[in-house]
Amino acid sequence: MQTISLIWGILALIGTIVGLFPCFGSLNWFNIPFSFIGLIISIIALSGSNIESKSASVVGIIFCVISILFGIFRLILGGGLV
Amino acid sequence: MIEQLKLSMLVVWLIVSVVTLFAIVAPIFFSADLIKTFVPKCEWKAKYNKECPLCGMTSSFIYISHGEFTRAYLNNRYSIYTYTIFMINEIVVGLMIVRNIKKWTFLLREFYFTYRKELKNKKEISYANN
Numbered sequence: 051m052q053t054i055s056l057i058w059g060i061l062a063l064i065g066t067i068v069g070l071f072p073c074f075g076s077l078n079w080f081n082i083p084f085s086f087i088g089l090i091i092s093i094i095a096l097s098g099s100n101i102e103s104k105s106a107s108v109v110g111i112i113f114c115v116i117s118i119l120f121g122i123f124r125l126i127l128g129g130g131l132v
Numbered sequence: 010m011i012e013q014l015k016l017s018m019l020v021v022w023l024i025v026s027v028v029t030l031f032a033i034v035a036p037i038f039f040s041a042d043l044i045k046t047f048v049p050k051c052e053w054k055a056k057y058n059k060e061c062p063l064c065g066m067t068s069s070f071i072y073i074s075h076g077e078f079t080r081a082y083l084n085n086r087y088s089i090y091t092y093t094i095f096m097i098n099e100i101v102v103g104l105m106i107v108r109n110i111k112k113w114t115f116l117l118r119e120f121y122f123t124y125r126k127e128l129k130n131k132k133e134i135s136y137a138n139n
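For the record, the sequence lines run as chains F and W.
Position in the first sequence (first residue = 1) + 50 = the working numbering.
Position in the second sequence (first residue = 1) + 9 = the working numbering.
One or more hints might be untrue.
Here are the simulated DSS-like pairs of lysine-lysine, each with C-alpha atoms no more than 27 Å apart in a straight line [as the list claims (entries may be wrong)]: (1) W:Lys-112 <-> W:Lys-15; (2) W:Lys-131 <-> W:Lys-111; (3) W:Lys-15 <-> W:Lys-111; (4) F:Lys-104 <-> W:Lys-131; (5) W:Lys-126 <-> F:Lys-104; (6) F:Lys-104 <-> W:Lys-15; (7) W:Lys-15 <-> W:Lys-132; (8) W:Lys-129 <-> W:Lys-112; (9) W:Lys-126 <-> W:Lys-112; (10) F:Lys-104 <-> W:Lys-129; (11) W:Lys-132 <-> F:Lys-104; (12) W:Lys-111 <-> W:Lys-126; (13) W:Lys-56 <-> W:Lys-45.
Per label pair, the in silico range of CB-to-CB distance [what the hints assert, rightly or not]: (14) W:Leu-16 <-> F:Ile-93: 17 to 23 Å; (15) W:Ile-134 <-> F:Phe-123: 43 to 49 Å; (16) F:Phe-123 <-> W:Val-20: 25 to 31 Å; (17) F:Lys-104 <-> W:Met-96: 19 to 25 Å; (18) F:Ser-103 <-> W:Lys-131: 18 to 24 Å; (19) F:Gly-98 <-> W:Arg-86: 47 to 53 Å; (20) F:Gly-128 <-> W:Leu-23: 29 to 35 Å; (21) W:Lys-112 <-> F:Ile-90: 28 to 34 Å; (22) W:Leu-30 <-> F:Ser-103: 29 to 35 Å.
Simulated from the structure, these hints should not be mistaken for lab results.
Heads up, the beta-carbon is just placed ideally off N, CA and C, and yes, glycines get one too.
Could you build all of it, start to finish, from the sequences and the hints given here?
Here it is as structure tokens:
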């Protein structure tokens with residue numbers, strides 16, 4: 051579960067970076083829900099893990115939150131709303 | 010953490026490689042018109058009449074897959090480099106898969122059986138508690 055949350059976070063971050071290109075602005079419509087699912091998975095992983103092995107899920111949460119915020123910001127800027 | 014990060018990066022690399030493989034293979038199997046219907050229009054071009062670094066990449070990839078490198082370069086000058094990088098990446102991934110297929114199959118089987126065992130133990134414990 052920890053590894054899955056980390057994988058999900060990295061994929062969400064890559065999606066956000068690709069979404070920064072003007073052609074792929076609409077990718078954020080897919081990437082934001084994807085990151086949101088990742089965030090839920092990461093929170094579940096975090097709650098189910100012991101203190102020593104929390105870092106992967108924490109990184110997953112951070113990546114997913116960054117992806118959601120940047121995705122929303124990108125959509126507000128334009129390039130995905132049209 | 011380092012092991013998890015390594016595994017995660019490997020999985021992410023494989024997933025990204027599948028996407029790039031699709032970008033390379035799609036022009037061979039599907040028609041240009043069909044591909045262009047799925048590709049979004051560039052916002053810079055529509056709004057500001059400016060070309061972004063990815064403008065013309067789809068057409069260029071189609072031209073490259075048909076062997077028309079000059080037209081591909083004229084459409085997007087980065088396309089040939091991008092295509093080459095994608096191809097090299099696919100070759101490296103392919104070689105890595107061929108090298109490690111036995112090891113990965115073994116690890117997957119181990120993971121599956123361990124998971125099944127754990128699940129069985131959990132079920133037995135819950136039955137015993139009930």
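To see whether the hints hold, each was checked on the structure:
Using a Cα cut-off of 27 Å, the hinted pair Lys-112 of chain W and Lys-15 of chain W holds, with the two alpha carbons roughly 16 Å apart. Only pairs whose Cα atoms come within 27 Å are accepted, and Lys-131 of chain W paired with Lys-111 of chain W is rejected, the gap being roughly 30 Å. Distance check on the hinted pair: Lys-15 of chain W and Lys-111 of chain W sit about 19 Å apart at the alpha-carbon level, within 27 Å; holds. A distance of roughly 23 Å separates the Cα atoms of Lys-104 of chain F and Lys-131 of chain W; the hinted pair therefore holds under the 27 Å criterion.
In summary, the hint linking Lys-126 of chain W to Lys-104 of chain F is supported, as the alpha carbons are separated by about 24 Å, within the 27 Å threshold. With a C-alpha separation of about 16 Å, the suggested pair Lys-104 of chain F and Lys-15 of chain W falls inside the 27 Å cut-off, and the hint holds. Proposed proximity of Lys-15 of chain W and Lys-132 of chain W is contradicted: the alpha carbons are some 32 Å apart, above 27 Å. This hinted pair checks out: Lys-129 of chain W and Lys-112 of chain W have alpha carbons roughly 26 Å apart, not beyond 27 Å.
At roughly 21 Å between alpha-carbon atoms, Lys-126 of chain W and Lys-112 of chain W fall within 27 Å of each other, so this suggested pair holds. Under the criterion of a C-alpha separation no larger than 27 Å, the hint pairing Lys-104 of chain F with Lys-129 of chain W is consistent with the structure, at around 26 Å. Pair hint Lys-132 of chain W plus Lys-104 of chain F holds up; C-alpha atoms about 26 Å apart against a cutoff of 27 Å. With a C-alpha separation of about 22 Å, the suggested pairing of Lys-111 of chain W with Lys-126 of chain W holds against the 27 Å cut-off.
A distance of roughly 19 Å separates the Cα atoms of Lys-56 of chain W and Lys-45 of chain W; the hinted pair therefore holds under the 27 Å criterion. A hinted range of 17 to 23 Å holds for the C-beta pair Leu-16 of chain W and Ile-93 of chain F, which are about 21 Å apart. A hinted range of 43 to 49 Å for the beta carbons of Ile-134 of chain W and Phe-123 of chain F is consistent with their spacing of about 47 Å. Here the CB-CB span from Phe-123 of chain F to Val-20 of chain W is close to 28 Å, well matched to the stated 25 to 31 Å.
In this structure the hint that Lys-104 of chain F and Met-96 of chain W lie 19 to 25 Å apart at CB is violated, the actual value being about 40 Å. The hinted range of 18 to 24 Å is satisfied by Ser-103 of chain F and Lys-131 of chain W, whose Cβ atoms lie roughly 19 Å apart. Hint check: Gly-98 of chain F to Arg-86 of chain W, Cβ distance near 50 Å, so the stated range 47 to 53 Å holds. For Gly-128 of chain F and Leu-23 of chain W, the hinted distance range of 29 to 35 Å is satisfied, since their beta carbons lie about 33 Å from each other.
Checking the proposed 28 to 34 Å range against Lys-112 of chain W and Ile-90 of chain F shows it holds: the Cβ atoms sit about 32 Å from each other. Under the hint 29 to 35 Å, the C-beta atoms of Leu-30 of chain W and Ser-103 of chain F, about 33 Å apart, fit the expected range.
Hints 2, 7 and 17 from the earlier list are contradicted by this structure; the remaining hints agree with it.
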